[in-house]
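Peer 1: Chain by chain, the residues run as shown.
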Amino acid sequence: MTLDINRRNVLKATAGLSAAGLTGTAGCLGGGSGGSSRAPTDVTEWPPEDLEGNLNLWNWYDDWAEYAKEEFGNEFGVTVTNSGYSSPDQWYAKLQSGNSEIDNIAATTNWVERSIENDFLHELPVDIMPAWENITDRVKDVSSYQKDGKTYAVPESLVLYPLTYNEEYFDEEPRSWDVLWDEAHKDRIVMWDNSTVSCQIAALYTGQDPIEPDDFGEIEEVLKQQKPLLKTYWGDYQQGMSLFVNEEAVAGPLTMGRTYTARFGEGAPVNYTAPDEGAMYTSDLFVIPKGAPNPIASLQFTNWASEKKHATKLFETMGYMPAVDIGSELSEEDRTFTEWPDSWNLVFSATLSDEVRSKYDEIWTAVKAA
Amino acid sequence: MAEAASTEERSTGRNRRVRALVTYLRDRRRLRTSLVAGPPYAVLVLFFALPVLTMLVISFRLGSITGPFTLDNYANFLASDTYRTVLWRTLLVTVEVTAIVTVVGYALAYSIVRFSRRTTLLLLLVILPFWTSYIIRMYAWINILQSGGVLDSTLVLLRVVDGPVGLLYSQEAVLIGFTYVWLPLAVLPFYASLSNMDPDLIEAAKDLGAGPIKAFFTVTLPTTANGVVTGIILVFIPTFGSFITPRLLGGTNSIMIGMVIENQFKSAFNYPFGAAIGMIISAVVVAVLLFGARGGGTLFAGGDGP
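First to last, the protein sequences are chains A and B. The working numbering puts the first residue of the first sequence at 1, with every later residue one more than the last. The working numbering puts the first residue of the second sequence at 1001, with every later residue one more than the last.
It is worth saying that the hints were derived from the structure and are not from the lab. Nothing false has been slipped in among the hints.
Straight-line distance between alpha carbons at most 20 Å, and here's what the computed DMTMM-like set of lysine to aspartate or glutamate pairs gives: (1) B:K1266 x A:E355; (2) A:K150 x A:E45; (3) A:K227 x B:D1081; (4) A:K140 x A:D342; (5) A:K69 x A:E101; (6) A:K359 x B:D1072; (7) A:K359 x B:E1262.
If you only want the chain B side, here are some residues facing chain A, beta carbon under 8 Å, derived: (8) T1082; (9) T1085; (10) V1086; (11) Q1146; (12) S1147; (13) Y1169; (14) L1248; (15) G1251; (16) I1255; (17) V1260; (18) F1265; (19) K1266; (20) S1267; (21) A1268; (22) N1270.
Glycine residues also receive a C-beta, built at the ideal position from the N, C-alpha and C atoms.
Please model the entire structure based on the sequences and the hints provided.
Peer 2: What follows is the structure, given as structure tokens:
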């Protein structure tokens, strides 16, 4: 064997190593399309056959996901993992860079719409999924997850942004967002450090359409008026809940789920209501992103999660209104907690136009900097 | 037998190839340098230069990363009183935090070097918080600072105050949180420069008539200038871009520019504007550091550092 080490061979070897390195890096960055060659719409009969052996969830209902990992895994012989996330942009960035890892996401409506617009999601064969019938018409009607007659998601829960209040502090349920502008409650009220939620509350308070307000100046003005009365702007769900549990806050926006946990998990004297001016709500939905390595197991999971037993568990662990009618499965106090009177003026949090979203962000920055 | 001979032959062949490669590289200095320096440069280009360049390009787009070219993002930021106010407040908080951490960190490092025997243990205690998640440390501070929390209970028990102080959700809480988080970053370079300093220099200064304070400012501080500047840089940069600490510990006025950038990506979805703010604050930080380094150089004049 002859040894021929020269410039050309060294450069070739270096180029080879670089190519291998870049390939590896690209893999780490998720740049490849990856994924399975199968798609959920390949399933034409239920139950689907030949489930993959793994399932990678991205579900921010952490406690319920723990339950689901074990129950679904045992029932179908699938190894389930879950990446609990705190903000939807975490999984959305992965979809933007080419998903090859995530099989199933519990995603909020606005992000689902963005994902559909950018062709990031698999179409789902809901007509053959038995649990599709369990989803209430109320939820089916309000969630926007369809395009050109195709369905890209299955609703998981409704998420209400109500006015949460301390039952011991208030003699009776507050019926207006006005309590958040009442000097009598100075330093005992909080707002959510979220431009959209806070501006929409201000829009409702001033009698405007929160999706397309006509007087941004008024929204900014009332939020600035409110600022000296506030204890703080809470920026994290746990922090928001702790403010009520520690009774540092007696009124403010908090999610229904966190109010449930504060009330039944922490024993705090809190409850929630939708003020007369209205309250916003959205929905979380199960989606299967393109590039999912285990799409059929993911489809089976989506159906499984919408069965009454598992939807009930979702409510009992997280406190959000399930997309499935589980009234008959709940205890009396839980059933009472999930009752949304017909008289409530609930406004679905439709996706904002770029202009409104941008304006809300400007207002919120100006309010905080004031 | 034949197998053993074959193994020996392979081993000899491998050795010959290695020797040939070594010989080849020995005669080519530039190639050798490239092979050693190339990987770190490649990492820098791939994970620093390219992302910054990408951010720069995006910052000139309108509305989305595929939008048309525009200067509006920069113009809107610079023309807005709101954003300039936020930037100014961020700068003030950052300077306050850096000053506090520098003073406290230097005193801590000095006492470890000069007066302590168990330096390893003390340094271990200094870096111990790094083993815990940033968020969890912030939640620990929420428990300490909240009304009726650990701090309040202790102060009431010691009869320092009559009732709860409730420092949480205030600017003071933000300063405490930042000081706690960044202290180890400053102490380590301070310690390194102080421990390398020749203590005889201080004795010499005293022999020449300098008191402790004069000896500190004319000998100790200039001699450890490099470590001080390093510590200041390590604290200043992350504080300027922070958004978690002011969000969790701060009150209604605790807005920082990092929070504005975060909002562009998480709620406003205006990535180009977020990128433009990112580029602007990067320029501000570099300018402040350059200015600080020049000022620091004058302040520390006379010391070459260890």
